[in-house]
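Enquirer: Chains A and B, in that order, are what the protein sequence lines are.
Position one of the first sequence corresponds to residue 5 (my numbering), numbered consecutively onward.
Position one of the second sequence corresponds to residue 30 (my numbering), numbered consecutively onward.
The hints are simulated quantities; they were obtained by calculation from the structure and are not laboratory data.
Ideal placement from N, C-alpha and C gives every residue a C-beta, glycine not left out.
Treat the hints loosely; a few may be bogus.
Every beta carbon over 10 Å from chain A, so not counted as near; a handful from chain B, in silico [what the hints assert, rightly or not]:
| # | residue |
| --- | --- |
| 1 | Q32 |
| 2 | A35 |
| 3 | Y39 |
| 4 | V41 |
| 5 | Q54 |
| 6 | Y123 |
| 7 | E138 |
| 8 | D142 |
| 9 | R157 |
Here are some of the chain A residues that sit facing chain B, going by a computed Cβ distance under 10 Å [claimed, not checked]:
| # | residue |
| --- | --- |
| 10 | S40 |
| 11 | G44 |
| 12 | Q47 |
| 13 | P60 |
| 14 | A64 |
| 15 | R73 |
| 16 | H83 |
| 17 | F90 |
| 18 | G142 |
Residue-level listing of the chains:
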Amino acid sequence: MSDYVKYSSMSEGDDFLDPVPSFEVTQERVEKYIKSTNDGTKQLTVKDAQGNTVAPPMLAAVYVIDALRTRVGPPGGIHAKQQFKFHRPAYIGETLFTSAQVLKLYERKGRNYVEMTTTTRNQEGELITSGMITRIWGKEA
Amino acid sequence: MTQLQAYEGYSVGDQLDEIVQSVDQSMINAYADASGDINPLHIDPEFAKTTFFGRTIAHGLLTLAFVSRVLSAWNWHGWAYGGDLNVSFLGPVYPGDTVRVSGEIDLIEKREDGVYARCKIVCHCDDRTVVKGFAICKISPKET
Chain A
5 MSDYVKYSSM SEGDDFLDPV PSFEVTQERV EKYIKSTNDG TKQLTVKDAQ
55 GNTVAPPMLA AVYVIDALRT RVGPPGGIHA KQQFKFHRPA YIGETLFTSA
105 QVLKLYERKG RNYVEMTTTT RNQEGELITS GMITRIWGKE A
Chain B
30 MTQLQAYEGY SVGDQLDEIV QSVDQSMINA YADASGDINP LHIDPEFAKT
80 TFFGRTIAHG LLTLAFVSRV LSAWNWHGWA YGGDLNVSFL GPVYPGDTVR
130 VSGEIDLIEK REDGVYARCK IVCHCDDRTV VKGFAICKIS PKET
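Full structure from sequences and hints, please.
Expert: Structure below.
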């Protein structure tokens, strides 16, 4: 049995993540991300008007990919396109839940493509980020 | 929706402040560690040799982190609270590359809930375009 999702096992309309995984927005994770991306945005260093410590909007790249990793494709897959809508930034201390649905499956130039929509909400159901990811599926052994 | 040429200090044709960021394997490894994305294409030179690219490449989402830095510096609130991003990854960023992120306002439009600017976003490594797309952010003052 392979340890990755086979392209042929997916269908358009599938809920890709079932159950929906969770992601803790911890200070350590956010600091590590900021350091690795060399992000000096000053708003990330102070609390906002409500007293929340804000994570970089593009931390979405981490919690969405983290969620998708629970059902990965074979090694060598490539990210082709990305859309994000940041409804608001995540806050340190929140728990995020990302659901994903297979939108389209298609072949182009001999490569298999998957389009998925993602929706991320916090522990209270508040919408944080929505997105669409297009991946070229890695070659299966 | 009504298109505008300018609004409150923002004009069509305005350039966003560029950033120039060098990328090496240690940065890619640090991003892999921070993001948990340990696809061997990014961090395993031996595996990467067997792929189309022939060597490791940076995560596309690392390049988007640089895009986010540009947009955050330009219009933090509009970007972080309601911003849209739509990009295509057109080519790889290799260790040793320097990524230049540019943006330009190409549309300003008044919608029912405020005024928005659309920015063309392009990332280059020398003369190669590696990311291209656009971002849309609200530029009218936030509600109080």
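Enquirer: Give a verdict on every hint.
Expert: How the hints compare with the structure:
A cut-off of 10 Å between C-beta atoms confirms that B:Q32 is not in contact with chain A; the least separation is 22 Å. The Cβ of B:A35 sits about 25 Å from the closest Cβ of chain A, beyond the 10 Å cut-off, so the non-interface label holds. Interface exclusion of B:Y39 from chain A stands, the closest Cβ pair being 19 Å apart, more than 10 Å. No beta-carbon of chain A is positioned within 10 Å of the beta-carbon of B:V41; the least distance is around 23 Å.
B:Q54, annotated as away from the interface, keeps every beta carbon of chain A farther than 10 Å; the closest lies near 13 Å. Remark: the non-interface label on B:Y123 is consistent with the geometry, its nearest Cβ contact in chain A lying 14 Å away (cut-off 10 Å). The Cβ of B:E138 sits about 17 Å from the closest Cβ of chain A, beyond the 10 Å cut-off, so the non-interface label holds. Every beta carbon of chain A lies more than 10 Å from that of B:D142, the smallest distance being close to 14 Å; the non-interface claim holds.
Its beta-carbon lying about 16 Å from the closest one in chain A, B:R157 satisfies the requirement of being farther than 10 Å from that chain. Taking 10 Å as the C-beta contact cut-off toward chain B, the hint placing A:S40 at the interface holds, the least distance being around 4 Å. The interface hint given for A:G44 holds, since its Cβ lies 8 Å from the closest Cβ of chain B, which is under the 10 Å cut-off. Proximity of A:Q47 to chain B holds as hinted, the smallest CB-CB distance being about 5 Å (cut-off 10 Å).
Interface restraint check for A:P60: the shortest CB-CB distance to chain B comes to about 6 Å, inside 10 Å, so the restraint holds. The beta carbon of A:A64 comes within 9 Å of a beta carbon in chain B, closer than 10 Å, and the hint placing it at the interface holds. Because the closest C-beta pair between A:R73 and chain B is about 7 Å apart, less than 10 Å, the hint holds. Checking A:H83 against chain B: minimum C-beta separation of about 4 Å stays under 10 Å; hint holds.
Look at A:F90: its Cβ gets to within about 5 Å of chain B, closer than 10 Å, so that hint holds up. Because the closest C-beta pair between A:G142 and chain B is about 8 Å apart, less than 10 Å, the hint holds.
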